[in-house]
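Undergrad: Let the sequences and hints guide you as you build the complete structure.
Chains as they are written, first to last, in the working numbering: chain A, 160 to 367; chain B, 422 to 823.
Where hints are given, some of them may not hold.
To be verified - Just a sample of chain A residues kept apart from chain B, beta carbon distances all over 10 Å, derived:
no., residue
1, 193
2, 232
3, 269
4, 278
5, 301
Said to hold, decoys possible - Listed below are the simulated SDA-like cross-link pairs for lysine to any residue, each with C-alpha atoms no more than 25 Å apart in a straight line:
no., chain 1, residue 1, chain 2, residue 2
6, A, 309, A, 324
7, A, 320, B, 689
8, B, 678, A, 196
9, A, 320, B, 678
10, A, 308, B, 626
11, A, 320, B, 692
12, B, 798, A, 218
13, A, 320, B, 708
Worth flagging that the hints you see were computed from the coordinates, not collected in a lab. Idealized CB from N, CA, C, for every residue including glycine.
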Amino acid sequence: SSYSFPWLVLAIAMVRFYMEKGTHKGLYKSIQKTLKFFQTFALLEIVHCLIGIVPTSVIVAGVQVSSRIFMVWLITHSIKPIQNEESVVLFLVAWTVTEITRYSFYTFSLLDHLPYFIKWARYNFFIILYPVGVVGELLTIYAALPYVKKTGMFSIRLPNKYNVSFDYYYFLLITMASYIPLFPQLYFHMLRQRRKVLHGEVIVEKDD
Amino acid sequence: MRRKERSTSRFAPATFQGLASNMWPVVTILDGTATPPRGGEWRAAPRPHFDWWVAKHLSARPCLARAPPPRCVPQADWPASWRERLVLTQDQPRGAGSKVEILDAKTREKLCFLDKVEPHATIAEIKNLFTKTHPQWYPARQSLRLDPKGKSLKDEDVLQKLPVGTTATLYFRDLGAQISWVTVFLTEYAGPLFIYLLFYFRVPFIYGHKYDFTSSRHTVVHLACICHSFHYVKRLLETLFVHRFSHGTMPLRNIFKNCTYYWGFAAWMAYYINHPLYTPPTYGAQQVKLALAIFVICQLGNFSIHMALRDLRPAGSKTRKIPYPTKNPFTWLFLLVSCPNYTYEVGSWIGFAIMTQCLPVALFSLVGFTQMTIWAKGKHRSYLKEFRDYPPLRMPIIPFLL
Numbered sequence: 160s161s162y163s164f165p166w167l168v169l170a171i172a173m174v175r176f177y178m179e180k181g182t183h184k185g186l187y188k189s190i191q192k193t194l195k196f197f198q199t200f201a202l203l204e205i206v207h208c209l210i211g212i213v214p215t216s217v218i219v220a221g222v223q224v225s226s227r228i229f230m231v232w233l234i235t236h237s238i239k240p241i242q243n244e245e246s247v248v249l250f251l252v253a254w255t256v257t258e259i260t261r262y263s264f265y266t267f268s269l270l271d272h273l274p275y276f277i278k279w280a281r282y283n284f285f286i287i288l289y290p291v292g293v294v295g296e297l298l299t300i301y302a303a304l305p306y307v308k309k310t311g312m313f314s315i316r317l318p319n320k321y322n323v324s325f326d327y328y329y330f331l332l333i334t335m336a337s338y339i340p341l342f343p344q345l346y347f348h349m350l351r352q353r354r355k356v357l358h359g360e361v362i363v364e365k366d367d
Numbered sequence: 422m423r424r425k426e427r428s429t430s431r432f433a434p435a436t437f438q439g440l441a442s443n444m445w446p447v448v449t450i451l452d453g454t455a456t457p458p459r460g461g462e463w464r465a466a467p468r469p470h471f472d473w474w475v476a477k478h479l480s481a482r483p484c485l486a487r488a489p490p491p492r493c494v495p496q497a498d499w500p501a502s503w504r505e506r507l508v509l510t511q512d513q514p515r516g517a518g519s520k521v522e523i524l525d526a527k528t529r530e531k532l533c534f535l536d537k538v539e540p541h542a543t544i545a546e547i548k549n550l551f552t553k554t555h556p557q558w559y560p561a562r563q564s565l566r567l568d569p570k571g572k573s574l575k576d577e578d579v580l581q582k583l584p585v586g587t588t589a590t591l592y593f594r595d596l597g598a599q600i601s602w603v604t605v606f607l608t609e610y611a612g613p614l615f616i617y618l619l620f621y622f623r624v625p626f627i628y629g630h631k632y633d634f635t636s637s638r639h640t641v642v643h644l645a646c647i648c649h650s651f652h653y654v655k656r657l658l659e660t661l662f663v664h665r666f667s668h669g670t671m672p673l674r675n676i677f678k679n680c681t682y683y684w685g686f687a688a689w690m691a692y693y694i695n696h697p698l699y700t701p702p703t704y705g706a707q708q709v710k711l712a713l714a715i716f717v718i719c720q721l722g723n724f725s726i727h728m729a730l731r732d733l734r735p736a737g738s739k740t741r742k743i744p745y746p747t748k749n750p751f752t753w754l755f756l757l758v759s760c761p762n763y764t765y766e767v768g769s770w771i772g773f774a775i776m777t778q779c780l781p782v783a784l785f786s787l788v789g790f791t792q793m794t795i796w797a798k799g800k801h802r803s804y805l806k807e808f809r810d811y812p813p814l815r816m817p818i819i820p821f822l823l
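TA: Given below as structure tokens:
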């Protein structure tokens, strides 16, 4: 699985940019093509879960991938003014490190030659990176709200032929609220996996 | 012990002789008519396998050399598995009851031991007995099974007919708090009826204050309210008087899930249809008339199917039969479809969507169609499994297609 390659490219590009320019402004613009191209590729991951190459459940992977696609295409790509926010760097860094560890883990697992460090990293880094990434995403959406309200983008107003309306502003508010039930579930799922894999605990699943 | 006699000329009739000289008593069965051969004595009949067996098992064990003759072992000394097999093939002696022990399916902890249970007792009666010792687990919440991971036993199953020994071991699983189907149906249908009317009468705080309690100037909006309300009143009356439920209860959390779905969609649809800025259908009265015709036909069809299904099952019973078309033309759809009630239901909602030309209504129809297709496929599969002679032309929900 060579999916760690694009993320390594991104990581290197981000570090180089910061070392050259000394600021994060314009960072997003420089890496956006790579980011969009490869993040969309992540849709393949859902196919992998469906086929069964990767042991993650389809729902967990689906939630993960859709939140990434949402952030990249519906927020940072569409709302240009927020691209220079610090929160963008925050979640980009979190994503990059997470993805590199995760894909290295999968690659080495497939090769049957998994160094303990990679396994340790995969099941420990997320403890910090997940909350950091979530904070970055939420702050970015919050920063985008005034622009959405002002321009009325992605919205359908009444009256119209199909008698329907959609307000992107309220949609974003609901999305932010949905982090509250969804994030703990993903986080505790990873914590459970960590206890099982690293500490060999046998966890009896509560069944309905 | 007589010495083994070896004769050289002829085989003796039915003579029993072993290899070792000090082993078996020689048993000679003669009917008095046979005579030894001329000049010789009786010879042992060759019995190679028996001889081999004896040599293998008994020659090394002189203490067993003289094996005791078989005796009748009293039943009390039989191995347990033999005793149980005997019990299965015999009737219980009069006056003695079966014993039932109930274990938790997950922890295998002994929850209850029932003594002197009538062999003809049903699972329903055992569930009632179990409730006496554990009142928090009323019968509807209990799932009893023979195997911890197996299927749940039905209430009608008789204890005696199950493959159990003298003490039946049943595994218990808690199904969680239960609620009756009737309650769930009434709640989930009364909601949309009431909620739609809130939007129709434009109660305050929904639309702008200048629209409070105003009435729409479009005929189609009034028609839509009549159709929607009629639909849910029909469903409520069917729940009370028509439907015969095969299950009594469902898990409690279902009521929250179902009500959210029905009430949520009803509010979403009603908001747009009764909105002051509502746009009537593009093709005007023609579109509305056609859609109304579709809606009425499908409602009548849906009701006819519910009545036909009710007549299929006598009151209080849980029998299952193949439904067939009756004299009512609406039931002729049974020729092509296993679940025409779902077909007519989707048709009604498509009619309503065309009538109101409202996208949320179309989305509601789509979601409903998806769910009903899943149910229809399941029902179709169970029909096929249960009835050998099930009509092959029938599809689950859409004739010839799905």
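Undergrad: Determine for every hint whether it applies to the structure shown.
TA: Cross-check of the supplied hints:
Residue 193 of chain A, annotated as away from the interface, keeps every beta carbon of chain B farther than 10 Å; the closest lies near 36 Å. With a least CB separation of 23 Å from chain B, residue 232 of chain A remains clear of the 10 Å interface cut-off, as annotated. With a minimum CB-CB distance of about 33 Å to chain B, residue 269 of chain A clears the 10 Å threshold, and the non-interface call stands. Distance to chain B confirms residue 278 of chain A as a non-interface residue, since its nearest Cβ pair spans about 31 Å, more than 10 Å.
A cut-off of 10 Å between C-beta atoms confirms that residue 301 of chain A is not in contact with chain B; the least separation is 27 Å. With a C-alpha separation of about 17 Å, the suggested pairing of residue 309 of chain A with residue 324 of chain A holds against the 25 Å cut-off. The suggested pairing of residue 320 of chain A with residue 689 of chain B holds, with an alpha-carbon distance near 17 Å, which does not exceed 25 Å. Pair hint residue 678 of chain B plus residue 196 of chain A does not hold up; C-alpha atoms about 38 Å apart against a cutoff of 25 Å.
A distance of roughly 32 Å separates the Cα atoms of residue 320 of chain A and residue 678 of chain B; the hinted pair therefore is violated under the 25 Å criterion. With a C-alpha separation of about 22 Å, the suggested pair residue 308 of chain A and residue 626 of chain B falls inside the 25 Å cut-off, and the hint holds. At most 25 Å may separate the alpha-carbon atoms for a hinted pair to count; residue 320 of chain A and residue 692 of chain B meet this at roughly 15 Å. This hinted pair checks out: residue 798 of chain B and residue 218 of chain A have alpha carbons roughly 24 Å apart, not beyond 25 Å.
Our distance criterion of 25 Å between C-alpha atoms is met by residue 320 of chain A and residue 708 of chain B, whose separation comes to about 14 Å.
Violated hints, in rising order: 8 and 9; the structure is consistent with all others.
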